[in-house]
Structure formats: C-alpha cells, structure tokens
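Heads up: the protein sequence lines correspond to chains V and R, in order.
Using the working numbering, the first residue of the first sequence is number 1, and each one after it goes up by one.
Using the working numbering, the first residue of the second sequence is number 532, and each one after it goes up by one.
Any given hint might turn out to be false.
To be verified - Straight line, CA to CA, 30 Å or less: simulated BS3-like cross-link-like pairs of lysine-lysine: (1) V:K298 / R:K829; (2) R:K810 / R:K544; (3) V:K279 / R:K829; (4) R:K810 / R:K829; (5) V:K298 / R:K810; (6) V:K279 / V:K298; (7) V:K13 / V:K298.
Hint data in this document are derived by calculation from the structure and do not stem from the laboratory.
Number of protein chains: 2
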Amino acid sequence: MDMLWSGWGDPAKAAPLPDTVVGLLRDLLGVTPGESGPAHIGSIPAPDSPLTDKTRQALVDCLGDATHLRTDAETRIRHTRGKSTPDLLRIRAGEVDDIPAAVALPGSHDEVLALLRVCAEHGVSAVPFGGGTSVVGGLAPEAQRCFIALDLRRLDSLLALDEVSRTAVLQPGLRAPECEALLNEQGFTLGHFPQSYEWASIGGFAAARSSGQASAGYGRFDDMVLGLTVATPEGTLELGRAPRSAAGPDLRQLILGSEGALGVITSVTVRIRPVPQTKIYEGWRFSSFEAGALALRKLAQDGPLPTVLRLSDETETFIGLAQPDAIGGSDAPQAAGCMAIAGYEGTAEDTADRRARAREVLLACGGEFLGAEPGDRWAHGRYNAPYLRDALLDAGAFAETLETATFWSGLPALYDAVRQALTTTLTDAGTPPLVMCHISHVYENGASLYFTVVSAQGDDPVAHWAPVKRAANDAILLAGGTISHHHGVGTDHRDWYAREIGPVGVNILQAVKNEIDPSGVLNPGVLIPVR
Amino acid sequence: MDMLWSGWGDPAKAAPLPDTVVGLLRDLLGVTPGESGPAHIGSIPAPDSPLTDKTRQALVDCLGDATHLRTDAETRIRHTRGKSTPDLLRIRAGEVDDIPAAVALPGSHDEVLALLRVCAEHGVSAVPFGGGTSVVGGLAPEAQRCFIALDLRRLDSLLALDEVSRTAVLQPGLRAPECEALLNEQGFTLGHFPQSYEWASIGGFAAARSSGQASAGYGRFDDMVLGLTVATPEGTLELGRAPRSAAGPDLRQLILGSEGALGVITSVTVRIRPVPQTKIYEGWRFSSFEAGALALRKLAQDGPLPTVLRLSDETETFIGLAQPDAIGGSDAPQAAGCMAIAGYEGTAEDTADRRARAREVLLACGGEFLGAEPGDRWAHGRYNAPYLRDALLDAGAFAETLETATFWSGLPALYDAVRQALTTTLTDAGTPPLVMCHISHVYENGASLYFTVVSAQGDDPVAHWAPVKRAANDAILLAGGTISHHHGVGTDHRDWYAREIGPVGVNILQAVKNEIDPSGVLNPGVLIPVR
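Isolated chain V (complex conformation) (with noise of 0.2 Å):
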C-alpha cells in the first residue's frame, strides 16, 4: 500500500480531531480552519518528465524492464520530498517544484550501480528513496538539474540469518513492520521501533541514523549495524567483517548518517535478538520534569536500563500528547507533573528483575506508581502522532517537531533555551504556540529533547514557520546541543550542520563526496553544500 500522498500513512487510519480539541486550539491558540485541505492527487499539475528518450532509455537498460522507471505524474508526485510540516502544506498545495524526472526501481545492487553510472554519463542526479519519511529536507535536493528518486521497494529481501552470531543480512527497501515479520517468523526481533516505524525502511533508518523508541534497550539503528553494502557512481564498498575492530576508522560510521549523499546503501547486516517473551510498559509521575529527568538520568547512569524511557515535560503531560489516543478524551491526567513510561521487554525473568529493581530507582526519585494503563495507552498510540499532526493541520492548525540532544549537565539549559526561541518568535509572529516536549532516548552521557510546537498557522504557513525553525536551529546550537538527534540533516539543517561540526568537518564530507560521486549524481545539497 501507498502511504497518504498529502500527509501520513494509511488513508484510512486519519480521523478527524475531537471537537473538544478543536475548541481548545480556538480559544487557546486562535487556531480557525486555514489552508482549504488536499486536493485530489489527480488535479495537481505536474510538469511532463524532462528526461530525454536517450537518458530515459539508458536507465531502462539499467533496469532491464521498462515498468521499473515510471514517469507518470502520479508515481512522481508520491516521490516528491518527505514528511515534514512544511513537506505536507507544499504537496497539499499542489505545489511540486522538487518533483523528480522519473522513479526507478532497481531489482539489485548491479542495477543500482549501473543506475548511478549512467546518472553520472547523463548529468542526471539520484535520490535515494526508502519510506518517503524524511522530515528534514533529505528528500528534497538541491538539484541544478533534473533528479531520478531511486524507489528501493524492491530490494525487500531478507538475505541471510545467521543464529549462531545472532545477525541478520537486510535489504534496505524492507519496511520496518515486513522485516520484523520476517524475522520473528525464525524467533527474533530487531528491536527497531521509531514512531515512523509502520513506514520506514531499513535503508533509510541507516542512511538517516534512526534511533527507536526503545532505544534504551536495542540500541539506536546505527548500533545495530556491522555490516554494510554500498553503490556509488565509483564502485561498490562493502564494510563490516567483526563486530568491533582496529582496523582503521569505523567506515560503517561514515556511511550510516550519510543520508544518500556519499552512496546507495544496498544492503545492511544488524544485531538481532530473540523475539521478547514478555512486555510491560508502565507510567509514572514526577512532580516536575527535572525530578523526572533526575530519575532517568540515575536509571542511565547506574541501572537497571529499562527497555523503553521517556519523560514528558508539564505541557505535554497536560495536553496528553504522552498518550496520543487519549487526547480529547475524559480520562486525560487530571493531576499536574510530569509523565513517564517505562518499559521492559525480554524474559520473563529478565524484565521481573529490571522492573523490580528500576522500581526502587524511580521511587527513590519521587516517582508515583500509575501502573499499566498508561504505559499501554503509550504502546498502542505509539506510531500515531503524524495522523494526529494531519487532523491539526486538517483544523487549521500548524504543527511540527524538532530535537536536540546534549549532555546531561547542558540539558536544562538546552530544554529553556528551545522552547524559549520557539515561543518568542511564534508569539512575537502573532501565534503564540504551545511547546511540548520530552526526553525520549537516554544514555549514561546524556539524552535527547524532543519538542513539539502547535500553534495557529498565520497567513502563509511554510514562510510563518520559515524563521521559527531557523531561531530554534540557532538556539539548539547556541546552547550545545547537536542540530539533530535522530531525525537527520536533509537540507533543512545542512546550514546549521555546517556549524556544527566545522570548516574542516565539512570540508572531509565534500573531499569523501568529491572522490567518490565527483559529477555529484548522489543527493545534491543534502548534508553537505553543492559545490
């Protein structure tokens, strides 16, 4: 199945907002119902594919059927950039300048390879394309010329498991939900589970460095990997013969956060475990979110590490986006605080010993006991907060997330400084914005903050929310926090990526781009500058 091609997964998942909440974005934001909705995919007007017959004939022999490069509007249109806020306005808007010339879909590493080169002969760029799910520009390329979006849906095999070394040989177009299909079937798991999970890819959760939710107990995406197959237009890289090894800089690292721009990631070799006997996730209550972040920080620091941790911060307690299927409903937290889940999967054993010792942790720390009931709230609304962001925008609403993450010393500080930028500039643009936000990943060093803003849209939503961004990216900056925790780099935070790491950190990425994609087929403009 297709996801929404103007917002979020399955179209018949999308529900509208309860009146209540629409009475409450009224009164409390001035939200009124703004931009008209979606059109009909149909009546949007693309423009014809401006390949030539010599290049669109070169890319079918790459392909060796011509059914594997469609460039019919509609097929071209679901290719158009991503996920993000200002992503859906423009597409619901029927606006597709970033439309690409053409969708491939490659059967095999060869055909990659083959794709890139004649990408690279005919002046032609390539964006890779797994679940559609970037939210940060990554499929949206600087391109100075015409761009293919190389669909991977058909490389959607699992090639090898190997139970003995508990690692699994993945092909990077396998969605999420079909991968762990696959392998549960032979008793494990991947412990992947981002909130774009029902969508996203294997390919993209390594090319995007994609970190799960529960991360406190699988590890991020990018800790999961050992191995790695990669086409670029200069050849194919293969990476990974151990674990962990000295031989030279950890290449694997070089590629996972990449993104597209430094190669085609053709197939990825993971960590896996066996499929959890038992899952318990449970709320607690903090008084405040330092109170909650403290207990986090302990349970990071010195044990146990639940599966899964996340703390949110008052507002978002409130409003009862911890629990997004709750929201509007009678049966929100009436009590003040801040909400936690924490969560534990494994043996039955396992997970009794954790749950039992974390327990003593978090009251210790003044946690309150709210038992089951909110921890599975949590897990059975998990992936649906982009259908609620749909039903806002649907309401006239605008909404968006961001995140950072930083040291835990620097976390209050980082946490003010964001919602701070968000709230000024919002308020100062005449919508005032609600600014939720949680800690979602730890780690013994650190955590992420994971913010999300609400507010009205104002008059031209893409350009009203244009300086937000820009002032919470120079925010997060300013305070020490890294421009992105798991969501990526894309083009939206190319500029203040370049901060980040540096004159000579960038200049590394353009040397690596240069020597292996010198006629710049691969991703233009994202991660790094076209040169």
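Given chain V's structure and the hints, the job is docking chain R onto it.
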C-alpha cells in the same frame, strides 16, 4: 620515567626466564641463545639530525623554548619505532634507519597546530608519539623525507570533569595510570586497562582504537570517546556535542583509528564511571576451547556479562600464559582443558548479582569453577606479558603476538586458519612454533582472537618472521576476519587493511587525507599508502 629503549617497560622489572622454561624452549622448540642482546644506547651510531637551521628555528619558534625541541641522539633513538618484536630486534641490533630528525614537545593545541604548519611549509613530516607502544609499525612512517616525532607528554592534564554527565576531558599525552589516579581522586575510573596500560597514553588509545582487558564491562576505548579536538595542517576539528547524534556521519569514528594519519588528537572527552567498590576475578576450566567459547557466547548474548571475560585455548592453558606470572612455576595448571577468567567490577550488589547469574550459565556450559586463585594470579600478572617477551628474546627465542576478530559463526574457522598458517610456515622454515590463543574481547555478535607465537629465532629473526606474518595476515583475511581487533594498522598491516576495505574505502581515506593534509605531513605511509 622513560621506557626501556630496547624492550618493554621499567628496566628494573626485567627478569630472566626460569631455568625450567629455558630447558623447555630448548627441548621443545630448539631455542638456543641467538642475537647477542642489547648494546648500550650510547653505543648506537645515530646519524646527526638532518634538520636545517632554518627549520629547526621555525620549530623552536612554535614551541617558545629551545629545550622543547630535542635533537640529541638518545632522545631520538628512544622515539625510533615502537614495540613490535621486529621493532625490538632491530633496535637491539642498533638499526636506526627510521630515526626521527628531532623530537618536539608541544605544550598546547595551538603549538601542535603551529608545528604542523611549519612542517608543511618546510617539507618535514610529523609522527605523533604518545606512549610509544605501537606494535604494528604505527611509529615507523614511510617517510621519503625527514620527520619529527611529536611527543605529546607535556599535554598530560585532566582538563575538566563533569560529575553530572560523567565525562572527563583529557589531554592526549596523559599516561593511563596517571589518568586513572587523577580520576580516582574524584571517585571515578575510565575502566580502560589494555596490556599496554602501564605505558600507553590517552591519545594513543583514541588514535589506535584500543580495547582494554575489561572491555566487556567498560567497553572499548572508542565506545568511551564522546568528543575530540584534532589539530590538522588545515586547521582544527572539534567534534562531539552529544553522546549520540543523527547529525550526519559520526566523524568521531573517522578520527578514532586514524593513527595520526588524519590529524593529531589534542583532547579527548571520555565517559567515566564511579570507581568500583568490588573487584572479583575467578578462574574456570572448560574441557575444550569450543566448549569455553560457547559459554562466552552465551554470556555475551544473553547475559549477564562479566566485566572481564577471557578464554585461553588448550596450548595457552597448558603453557600457563593465561597467568604469565605462573610460567615455569610448579603450580601451573596440571589438568587438561582451557582456562577462562571471569571478572566482576562494580557495586557490591551488582557484582554479587552478576556473578551468581554468570555462575549458573558457566556451570550449565560445563565449566568447572577453579575459585579466585587463578583470577587473582591473572590480575596480578595482567600487564607482564611484554616483560616475558623481553626475557624470551634474551634467551634466544622469538615471541610475537597478533590478533583479529570476526562474527561468532566464523570464529572456529578463523582460529584454525591462523593457527595453521603460523604453524605451517614456521615449521617449513625449520623453526616449529608453539602457537597459543585466547579470546579476550566478546560482543553479542562475535569475538576477538589473540595469538602468541614462540619459536626459535632463525638466523635473521626479522627476515625469518616476515613471511610468517604475511601468511598469518593472508589467512585472517581469507577466513573473513579483520586485520586487527585492537592493535591497529600502522605500516605493518597497511596492505591487508587495503584489501579489507577495498579500493573505494582506500580512496575515501586518501581523499580525506589529501584534504586535511595536502602536503603529507601526518604519519606518511601509516594506515594508507603514500600517494
């Protein structure tokens, strides 16, 4: 104190082999007194420093003080190559063809930057020098021009310690024991204890992706690194705003393992942990290497993971090298089988819990509990193997180590292949060896293998060993292993490293080097060929 120029460590700790061992070597391996043993350092005919007055003055100008640029023969000899067995044999024979033109002792990041710029301008190369413990030719550049050693010993401070984030900022010339002492004063430990611990430096750990004997509990050094400051001829690179990030590739992992070829690391931000309350080391015996390896795999995959976990094969167990201090003693293990060491460090509660649960796993895998004595003996002798090597060389034997890693399912074949390559080539050369091995580092998905080879020296020990080492390297790659798990690449492994990462990988590194070191100042020929 300076390390023994002709061997390892503190000259006062050198001890001859027990007569029983000398007899065993003679009877078993045909070892007879070989090379004549070390001359006095003062009798080595070192060439005068080839630096021009102009270059010398420019270097002194960077350092602010002429005493920080040393050109005397003894200092330069002490900075000639590292501590591989061929390195020792050559320096003991008075071979100083790789001698640096001078030894610079910079006192700050800015001085390192300035030195690199002067080197670039004057056509001089530079070899960063920490503890001088490389065993892979990391300090033996392929310089087609003169080079200086950048001895970082004056950069030996703990710059900052953040108790909340549990991080410390360390200078690269800080030696591991001094670092531990500084951290211990404030209640923390790095937990990094490689065999080179007593002499190696923080910068070297980072540059060479070191892995300590307690890696199961504390992680590898590259796991510990959160931030880096790097001086390059083209400027400064500063990395690490959060424990983990999705802001592009993890460039920290490009510097870790770069062995001075991509920059000089001038500060390292590391994860620190509370000093453990308890340390328990115990011995276990398994009937075979295979049975022991299965037990280690179970612990690595399903837990609980001890802090230290290692397993000697039958030969190493028989010889007693699992506990170097026991060699030649009357209480060497009499029973057949394989010795494992399991160590637990942490709070009293945590170590007791892990020990009890690990015990169940080890017993279920057929392990025989040997009590604390073998563990304590291992802990006591854990840094002594390099002294043993010196004594073996003095007795006329050849002794060297090499190591690799791969995934669990490939480990038995890798073990067989390397052992056979070493045994066959040395036997064919007329010097049948003892080949011993242990697993010293375990991961969920694989483990390392560490081989020790002892044989007679042959007429020209360096030339005698070269084809053996090549055969072992070939066998490692052919069996799917990585060319190094924790020793690094240097010049010794460079050609095999190139095969491991392939031409695209080599071109990527070469491109990075050309970008940040266009005139080839940094450790030429280390890691990547001189282009």
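To see whether the hints hold, each was checked on the structure:
no. : hint            : in the structure
1   : V:K298 / R:K829 : 28 Å, holds
2   : R:K810 / R:K544 : 25 Å, holds
3   : V:K279 / R:K829 : 22 Å, holds
4   : R:K810 / R:K829 : 22 Å, holds
5   : V:K298 / R:K810 : 22 Å, holds
6   : V:K279 / V:K298 : 22 Å, holds
7   : V:K13 / V:K298  : 39 Å, violated
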